[in-house]
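Q: Can you build the whole structure from these sequences, using the hints too?
Residue numbers (my numbering), protein chains in the order written: chain A, 1242 to 1537; chain B, 3 to 258.
Note that these hints are calculated values from the structure, not bench results. For clarity, every value in this text was computed on a predicted model and none was experimentally measured. Keep in mind that a hint or two might mislead.
[Unchecked claim] Distance ranges between label pairs, derived from CB positions:
| hint | chain 1 | residue 1 | chain 2 | residue 2 | range |
| --- | --- | --- | --- | --- | --- |
| 1 | B | 143 | A | 1369 | 51 to 59 Å |
| 2 | B | 17 | A | 1339 | 28 to 36 Å |
| 3 | B | 143 | A | 1244 | 30 to 38 Å |
| 4 | A | 1321 | B | 67 | 29 to 37 Å |
| 5 | B | 7 | A | 1301 | 57 to 65 Å |
[As the list claims (entries may be wrong)] What the simulated footprint calls covered on chain A by chain B, stretch by stretch (three residues with Cβ under 8 Å from a Cβ of chain B suffice, anywhere in the stretch; the number is not a length):
| hint | region |
| --- | --- |
| 6 | 1398 to 1406 |
| 7 | 1416 to 1423 |
Positions of the beta carbon are idealized from the N, C-alpha and C atoms, including for glycine.
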Amino acid sequence: MTTFVELLVNGISIGAVYALIALGFVIIFKATEVVNFAHASLLLAGGYLVARLWPLVGFWAALLIGVAAAALVAAAIEFLVIRRADVASHSVLAIVTIGVDIVITTELTRQIGTDVLAMGDPWGSEVVRFGGVTLAETRIVALVTAAALITAFLLAFKYTGWGVAMRAAAEDAETAALMGVRLGRVSMSAWAVAGGLAAVAALFLCVFPTPGLDRSTSLVALKAFPAAILGGLDSTTGALVGGLVIGVTESMMSGYQNDMVFLGRGIGDVAPFLVMLVILLIRPAGLFGTKELARV
Amino acid sequence: MADLVVRDLVVGYGPVRALRGVSMRVPSGSIVAVLGANGAGKSTLLRAISGTLRFHRGACRGAVTLGDRRLTGLDAASVVARGVVQVPEGRRVFARMTVEENLRAGGLGRPRRDYAKAHDQVVELFPVLRDRARQRAGLLSGGEQQMLAIGRALMAGPTTLLLDEPTLGLAPLMAARIAETIKEINSLGTSVLLVEQNVAMALSLASHAYVLEVGEVALEGAAADLRAGDEVRRRYLGVADAVEGTLETRTLSRWS
Ligand SMILES: Nc1ncnc2c1ncn2[C@@H]1O[C@H](COP(=O)(O)OP(=O)(O)OP(=O)(O)O)[C@@H](O)[C@H]1O
Ligand SMILES: [Mg+2]
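A: See below:
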């Protein structure tokens, strides 16, 4: 039972981190109808800066710079690539983002080499015990931080002028423009927010029990794609639920894999994609989505 | 306040020519009607003024000016900031957002302090928008959606309002209600460019009218003259029957 609770809480925690990534992915899709395949590279860029800078400026300043830089890079992609590209189809833009992803990721993996970079976080490998349940501090901080960021985002999305402009533009860009909404600003801010969230997620993907940031970190980030897709690419609620589903599934599958040897080793890594496939077979638009993937 | 002037406007969607040298003037404070059959280029004219042709892969030549400021070449949001706001054909309310949020979207470009005042004016004009504030706009009736679309545009504080077929698909009573509202909005000092297929209604509201025919101004004049003469009937309706009867069948056929 305690194992189950530990796995569940860890799953929710990692799921909340996936949700941060998926949320950014969904915001970008809502604002620009572009599937951003460069998302994992934004995450890697943010995480890399934190890892490199903390010995120089301290952890918190490094984190701030990492988040700001990821937001800036994302905004730059929007401004230089997405906005300029005068192409008819959003799927072409999606392919362009693959190109951007390759450029950024290749350069960063070259910089990282075979190193495993510590994140310099203050939580280290401390654990907390509640009754018989043992949890890593990092998992608790991740859960609390992700929950706070997601709540803040959803409140802003619902109540601020920025949120109203985002939703209006997502629903009907031409009419939003007719109402005076500056679409360029809306889409650039969406990219920036998504980049910032990805950098925060990078931190929590690389702290204990993970040894640190290495060149495979962006592969870990890929698990958030099924989270976004199974929730429905254009649904913020979907991103949250999708993130949690993926996180808990992965945690449970890894935790109990000895009882499920018939499924093979490493089922925890495959599980997110299996869950996604099953859900898409039943609901092609994802759990909460309104636009089918075929439209992408 | 300034006149909205359109000069030699040519618009093409790729190889399709939708406007071929249209000129017109909306004097400050007036209501000007634009009439024309389906496909005459009425919505295209409004898109060119509002700067939304790019959403339709259209391009334009010629000039649109408000006073001594050129609107051509500006993006849609900048045109709104200059005080020229459009209520698009088919209402286009944000269906997934609440009525209140729709109004808010309309006022996004304005300073906060103007917002409350604009909001009060709009709900006074359309009390139903206050009663339904928290309801999703997609659930409103057609007439209510049209009121919301107009209210939303008013939130931007327009000096010139562009209306694209505001009575399209509305029952006669609701159409009359919308007509009344247009008159009221105009009496508060807003110029109106009214695109309509409901000829009788448009000519009764407007002081001046233009008839578009395949992308050109085929006829223009004081609304009273056009109402009195049979030129509009011949050119635009293509029949010589009693105007009222003809209008009714046209309106009915549009509902189907
Ligand atoms: N997005 C577009 N792409 C290509 N051609 C278009 C487009 N929009 C309009 N057209 C063409 O331009 C011409 C004028 O269309 P427009 O919509 O301006 O007419 P309208 O007078 O508003 O008609 P209606 O009364 O049916 O609304 C038509 O021939 C139409 O087929
Ligand atoms: Mg039209």
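Q: Given the hint of 29 to 37 Å, is the C-beta distance from residue 1321 of chain A to residue 67 of chain B inside that range or not?
A: For residue 67 of chain B against residue 1321 of chain A, whose Cβ atoms are near 33 Å apart, the range 29 to 37 Å holds.
Q: Within 28 to 36 Å or not, the Cβ separation of residue 17 of chain B and residue 1339 of chain A?
A: At 34 Å between Cβs, range holds.
Q: With 51 to 59 Å as the target window, see if residue 143 of chain B and residue 1369 of chain A comply at their CB atoms.
A: For residue 1369 of chain A against residue 143 of chain B, whose Cβ atoms are near 57 Å apart, the range 51 to 59 Å holds.
Q: Hint says 57 to 65 Å; check whether the CB-CB distance for residue 7 of chain B and residue 1301 of chain A agrees.
A: holds (58 Å)
Q: Quick check: do three or more residues in the region 1416 to 1423 of chain A have a beta carbon closer than 8 Å to a beta carbon of chain B?
A: Contact hint for the region 1416 to 1423 of chain A vs chain B: holds, 8 residues under 8 Å.
Q: Do three or more residues from the region 1398 to 1406 of chain A put their C-beta atoms closer than 8 Å to C-beta atoms of chain B?
A: holds (count 3)
Q: Does the Cβ pair residue 143 of chain B, residue 1244 of chain A satisfy 30 to 38 Å?
A: violated (57 Å)
The structure does not agree with numbered hint 3 stated previously, though it agrees with all others.
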